[in-house]
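Number of protein chains: 2
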Amino acid sequence: MKILLIVCDGMGDRPCEELAGKTPLEAAYTPNLDLLASEGMCGLMDTIGVGVRPGSDTSHLSLFGYDPKEYYTGRGPFEAAGAEMQLQEGDLAFRANFGTVDENLVVTDRRAGRIDDVTGLCEAVDGLEADGVKFIIKAGTGHRAGLIMRGEGLSHCISDNDSHEEGAKILEVKPLDGTPEAKKTADALNTWVMKAHEILRDHPVNKKRIEDGKPPGNMILERGPGMLGKVPSMQERYGLKAACVAGAGLYKGVAKVVGMDLYTPEGATGKKNTDVKAKVNKAVELLNGEYDYVFIHIKATDNFSHDGDPKGKRDFIEKIDNAVAPLLELKDTVVAVTADHSTPCSIKNHSGDPVPLLIWGPDMRTDDVGEFGERPCGKGILHRIRGLDLMNELLNQTARSRIYGA
Amino acid sequence: MKILLIVCDGMGDRPCEELAGKTPLEAAYTPNLDLLASEGMCGLMDTIGVGVRPGSDTSHLSLFGYDPKEYYTGRGPFEAAGAEMQLQEGDLAFRANFGTVDENLVVTDRRAGRIDDVTGLCEAVDGLEADGVKFIIKAGTGHRAGLIMRGEGLSHCISDNDSHEEGAKILEVKPLDGTPEAKKTADALNTWVMKAHEILRDHPVNKKRIEDGKPPGNMILERGPGMLGKVPSMQERYGLKAACVAGAGLYKGVAKVVGMDLYTPEGATGKKNTDVKAKVNKAVELLNGEYDYVFIHIKATDNFSHDGDPKGKRDFIEKIDNAVAPLLELKDTVVAVTADHSTPCSIKNHSGDPVPLLIWGPDMRTDDVGEFGERPCGKGILHRIRGLDLMNELLNQTARSRIYGA
Numbered sequence: 000m001k002i003l004l005i006v007c008d009g010m011g012d013r014p015c016e017e018l019a020g021k022t023p024l025e026a027a028y029t030p031n032l033d034l035l036a037s038e039g040m041c042g043l044m045d046t047i048g049v050g051v052r053p054g055s056d057t058s059h060l061s062l063f064g065y066d067p068k069e070y071y072t073g074r075g076p077f078e079a080a081g082a083e084m085q086l087q088e089g090d091l092a093f094r095a096n097f098g099t100v101d102e103n104l105v106v107t108d109r110r111a112g113r114i115d116d117v118t119g120l121c122e123a124v125d126g127l128e129a130d131g132v133k134f135i136i137k138a139g140t141g142h143r144a145g146l147i148m149r150g151e152g153l154s155h156c157i158s159d160n161d162s163h164e165e166g167a168k169i170l171e172v173k174p175l176d177g178t179p180e181a182k183k184t185a186d187a188l189n190t191w192v193m194k195a196h197e198i199l200r201d202h203p204v205n206k207k208r209i210e211d212g213k214p215p216g217n218m219i220l221e222r223g224p225g226m227l228g229k230v231p232s233m234q235e236r237y238g239l240k241a242a243c244v245a246g247a248g249l250y251k252g253v254a255k256v257v258g259m260d261l262y263t264p265e266g267a268t269g270k271k272n273t274d275v276k277a278k279v280n281k282a283v284e285l286l287n288g289e290y291d292y293v294f295i296h297i298k299a300t301d302n303f304s305h306d307g308d309p310k311g312k313r314d315f316i317e318k319i320d321n322a323v324a325p326l327l328e329l330k331d332t333v334v335a336v337t338a339d340h341s342t343p344c345s346i347k348n349h350s351g352d353p354v355p356l357l358i359w360g361p362d363m364r365t366d367d368v369g370e371f372g373e374r375p376c377g378k379g380i381l382h383r384i385r386g387l388d389l390m391n392e393l394l395n396q397t398a399r400s401r402i403y404g405a
Numbered sequence: 000m001k002i003l004l005i006v007c008d009g010m011g012d013r014p015c016e017e018l019a020g021k022t023p024l025e026a027a028y029t030p031n032l033d034l035l036a037s038e039g040m041c042g043l044m045d046t047i048g049v050g051v052r053p054g055s056d057t058s059h060l061s062l063f064g065y066d067p068k069e070y071y072t073g074r075g076p077f078e079a080a081g082a083e084m085q086l087q088e089g090d091l092a093f094r095a096n097f098g099t100v101d102e103n104l105v106v107t108d109r110r111a112g113r114i115d116d117v118t119g120l121c122e123a124v125d126g127l128e129a130d131g132v133k134f135i136i137k138a139g140t141g142h143r144a145g146l147i148m149r150g151e152g153l154s155h156c157i158s159d160n161d162s163h164e165e166g167a168k169i170l171e172v173k174p175l176d177g178t179p180e181a182k183k184t185a186d187a188l189n190t191w192v193m194k195a196h197e198i199l200r201d202h203p204v205n206k207k208r209i210e211d212g213k214p215p216g217n218m219i220l221e222r223g224p225g226m227l228g229k230v231p232s233m234q235e236r237y238g239l240k241a242a243c244v245a246g247a248g249l250y251k252g253v254a255k256v257v258g259m260d261l262y263t264p265e266g267a268t269g270k271k272n273t274d275v276k277a278k279v280n281k282a283v284e285l286l287n288g289e290y291d292y293v294f295i296h297i298k299a300t301d302n303f304s305h306d307g308d309p310k311g312k313r314d315f316i317e318k319i320d321n322a323v324a325p326l327l328e329l330k331d332t333v334v335a336v337t338a339d340h341s342t343p344c345s346i347k348n349h350s351g352d353p354v355p356l357l358i359w360g361p362d363m364r365t366d367d368v369g370e371f372g373e374r375p376c377g378k379g380i381l382h383r384i385r386g387l388d389l390m391n392e393l394l395n396q397t398a399r400s401r402i403y404g405a
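Protein sequence lines correspond, in order, to chains A and B. Sequence positions in the first sequence follow numbering that gives the first Met the number 0 and run 0 to 405. Sequence positions in the second sequence follow numbering that gives the first Met the number 0 and run 0 to 405.
Everything labelled a hint here was simulated from the structure, so no lab data went into it. These figures come from a predicted structure and were not determined experimentally. Virtual Cβ for every residue (Gly too), placed ideally from N, Cα, C. Certain hints may be false.
[To be verified] Keeping only pairs whose Cα atoms sit at most 16 Å apart, straight-line, the calculated EDC-like set for lysine to aspartate or glutamate is:
1. K276(B) / E328(B)
2. K318(A) / D33(A)
3. K271(B) / E328(B)
4. K21(A) / D101(B)
5. K330(B) / D367(B)
6. K213(B) / E69(B)
7. K240(A) / D308(A)
8. K206(A) / E102(A)
9. K194(A) / D306(A)
10. K21(A) / E289(B)
11. K378(A) / D367(B)
12. K173(B) / D159(B)
13. K347(A) / D388(A)
14. K206(B) / D367(B)
15. K347(A) / E16(B)
16. K229(B) / E69(B)
17. K347(A) / E284(A)
18. K21(A) / D362(B)
19. K194(B) / D115(B)
20. K378(B) / E122(A)
21. K378(B) / D366(A)
[What the hints assert, rightly or not] Looking from chain A toward chain B, a few residues come up when the C-beta cut is under 10 Å (computed):
22. T22
23. D33
24. L34
25. E38
26. G42
27. G48
28. E69
29. G73
30. N348
31. G351
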């Protein structure tokens, strides 16, 4: 049997006054998801732990069965992998932004006027060395980039150079522990930041932007340093040939790190305008083909929450419901629908509230839950499980688990 | 948002025949607690782990988010802190009792006739040294005292001198492992016990007691040795300015060790006659002031259980319910009401049954539970969590959690 996991980012929510005391998921008209819920098993899930506010990176690792305590040191490697950079063991990776600084290195725009393509700027500094460390950079979407430091003896225990506020000078990167590795890493990064700044300052792209009255992308801001150790693939770990259908970089990155093949169908933008049907159709195609496990990531639910827009979130969930209709025809497949974390519209940010979970398939116990929603799922037969339990449960339901003991 | 935690000691119970098959909490008329439950979230909580019988010290550490596996070696330091003794890192602390021994060191009364004040006796031996170790002792309530050994290289791995039975000789303290620290500690304690006995034997207070036909407090019985390592305060750990409103020493001690300020309003006796309203009012005053987190401890529920008195326990719970009415007016505060452990009246001692838990606040999912009780809470949306989860959940509900990951 095969596995399809659909993660609707930040879908879990709290009761909203605008929705007559329902959550967006509870308020949405979702006949297809309700049918999956009523034929399957429901529950609540703490993707990290009870009350713990998950990041998107750590929660996805957990959903794939990889304990973040073991595999996570920072977001950088997942962003870099999502930008299709090739990571090697011992690489230190960052999330990077092109921003604008003045002659005193004061940040005047953290996103360089939301510059829409930094490919040329990245090419100008890619491969630069500083203090014997090689710096590899690749353009991401908009002002974003992936950055990798490659060299002997690096450490992720360093601070950011990004002050996270405009009007302040960029920060000197500092070692966060007393190891020579952290000191070496901080020193090399500080050297490189200024080397890169000197190249970018005079780059034709930036000269043109200044002429056009736009802020130049003359400073690279780094954060989220992380180092990847050896990560066994889902094939090695579970015997699953796995694929990811996603539009947004981070989720592709986590999927790639655990060995999934990446697919981004046309129209899958990772934004509110994304084509959910195209994603579901691509997933069905992959499941009908050679893949054992397909992960679909849908980002926009979280975007509506960050905007504090419960009605928009409700409507988008109805769009998801409409798109998942073909799943009801799936044979020999266990489908799980859930979220990576809750993002209540009331607080516009991730919370530690558990997420709703439904698991549907041909041969399982059922419960009385007939509606997919946070509070209905709270009455389901799965009770309250952890994110790290999900992969075990999916392997169990597809008769793919190894026995523990004999 | 602020946090109020109310712990009704030993409140969890089992169905009682005297209460027509209800538990004391279920049988009590509790309109205020029921309203909090119906507007909030309910569940069951294993303060330590499923089926584990918690001590009052370990369970409170857990409720405050401090893993007792990491922070607990014995009860002594918490009793000493509760008696307002100043502990230093490396101190070894004990619970101590004044008892009576005859000329053969046979214990004839473990509580020295429930002597009601041992201040003078403590002063006579306070600061005494033995084998290079300093012994600091301070009177507690009744026959009780806090005892601290201060010196280099002490160990908590030693046995008690308290035989826990009358008619038996006091015990020689023995090292419980093969370390030189344990041997040194046991030797010094044995030396001090006899030195103190010689001073107490001839003390005017005891001479007077013998004249009056009362058993003298001529022997100090020690148990619960424990050593505190470095314990980060709730301010350091969670950014919470925290206060404790309690009458009984141990709970004040645990609260003090984790950095809470202590308040004992007039009438808060830690006994059945305690003024619960005074405690709740003090807590509301502190929450309206500078405190982010207030912990109220109510002891008497447990006392009724130890006496096997379910009706008394029921009535006392009604007194608590009456006292908590002002909480319904609180704004921007999350309130949790629970117990540190169950103490079934049928067994008159702590049990490993989970405790009922309600969490109430302005912005949270709700459930169908409309009555605060063990079995109603068993149907709540919190399901079954652990004591160590509670602080995370309260931080989550007050939007005070840090994100794990990014």
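Structure-based check of all given hints:
1. About 15 Å separates the Cα atoms of K276(B) and E328(B), which keeps this hinted pair within 16 Å; it holds.
2. Using a Cα cut-off of 16 Å, the hinted pair K318(A) and D33(A) holds, with the two alpha carbons roughly 14 Å apart.
3. For a cut-off of 16 Å, the pair hint linking K271(B) to E328(B) is broken: about 27 Å separates their Cα positions.
4. Restraint check: the Cα-Cα separation between K21(A) and D101(B) comes to about 72 Å, which exceeds 16 Å; the hinted pair is violated.
5. A hinted pair counts as satisfied when its Cα atoms are at most 16 Å apart, and K330(B) with D367(B) does not qualify at roughly 23 Å.
6. Distance hint between K213(B) and E69(B) is unfulfilled; the C-alpha atoms sit about 43 Å from each other, more than 16 Å.
7. For the suggested pair K240(A) and D308(A), the alpha carbons sit about 37 Å apart, so the restraint of at most 16 Å is broken.
8. Restraint check: the Cα-Cα separation between K206(A) and E102(A) comes to about 15 Å, which is no more than 16 Å; the hinted pair holds.
9. Pair hint K194(A) plus D306(A) does not hold up; C-alpha atoms about 38 Å apart against a cutoff of 16 Å.
10. Of the supplied pair hints, the one linking K21(A) and E289(B) is violated, its CA atoms being roughly 34 Å apart against a limit of 16 Å.
11. Only pairs whose Cα atoms come within 16 Å are accepted, and K378(A) paired with D367(B) is accepted, the gap being roughly 10 Å.
12. Only pairs whose Cα atoms come within 16 Å are accepted, and K173(B) paired with D159(B) is accepted, the gap being roughly 8 Å.
13. At most 16 Å may separate the alpha-carbon atoms for a hinted pair to count; K347(A) and D388(A) exceed this at roughly 27 Å.
14. For the given pair, K206(B) sits about 65 Å from D367(B) by alpha-carbon distance, which is inconsistent with the 16 Å threshold.
15. For a cut-off of 16 Å, the pair hint linking K347(A) to E16(B) is broken: about 50 Å separates their Cα positions.
16. In summary, the hint linking K229(B) to E69(B) is supported, as the alpha carbons are separated by about 10 Å, within the 16 Å threshold.
17. Taking the CA atoms of K347(A) and E284(A), the gap is about 35 Å. The hint is violated against a cut of 16 Å.
18. With a C-alpha separation of about 12 Å, the suggested pairing of K21(A) with D362(B) holds against the 16 Å cut-off.
19. A distance of roughly 23 Å separates the Cα atoms of K194(B) and D115(B); the hinted pair therefore is violated under the 16 Å criterion.
20. Restraint check for K378(B) and E122(A): not satisfied, since their Cα atoms lie roughly 59 Å apart, outside the 16 Å limit.
21. A hinted pair counts as satisfied when its Cα atoms are at most 16 Å apart, and K378(B) with D366(A) qualifies at roughly 15 Å.
22. Annotation: interface hint on T22(A) holds; nearest CB of chain B at approximately 8 Å, less than 10 Å.
23. Because the beta carbon of D33(A) sits about 19 Å from the nearest beta carbon in chain B, more than 10 Å, this interface hint is broken.
24. Taken as an interface hint, L34(A) does not check out: its beta carbon lies about 23 Å from the nearest beta carbon of chain B, beyond 10 Å.
25. A hinted interface residue such as E38(A) counts as satisfied when its beta carbon comes closer than 10 Å to some beta carbon of chain B; here the least separation is about 23 Å, so the hint is violated.
26. Evaluation of the G42(A) hint against chain B yields a held restraint, the C-beta minimum of about 9 Å falling below 10 Å.
27. Using the Cβ-Cβ criterion of 10 Å, the hint placing G48(A) at the interface with chain B is satisfied: the shortest such distance is roughly 7 Å.
28. Of the supplied interface hints, the one on E69(A) is violated, with its beta-carbon coming no nearer than about 13 Å to a beta-carbon of chain B, more than 10 Å.
29. At about 8 Å, the closest approach between the beta carbon of G73(A) and any beta carbon in chain B falls short of 10 Å, and the interface hint on this residue holds.
30. This hint holds: N348(A) has a C-beta 8 Å from the nearest C-beta of chain B, less than the 10 Å allowed.
31. With its C-beta approaching chain B no nearer than about 3 Å, G351(A) sits inside the 10 Å limit, and its interface hint holds.
Going down the numbered hints, you'll see the structure goes against 3, 4, 5, 6, 7, 9, 10, 13, 14, 15, 17, 19, 20, 23, 24, 25 and 28, while the others check out.
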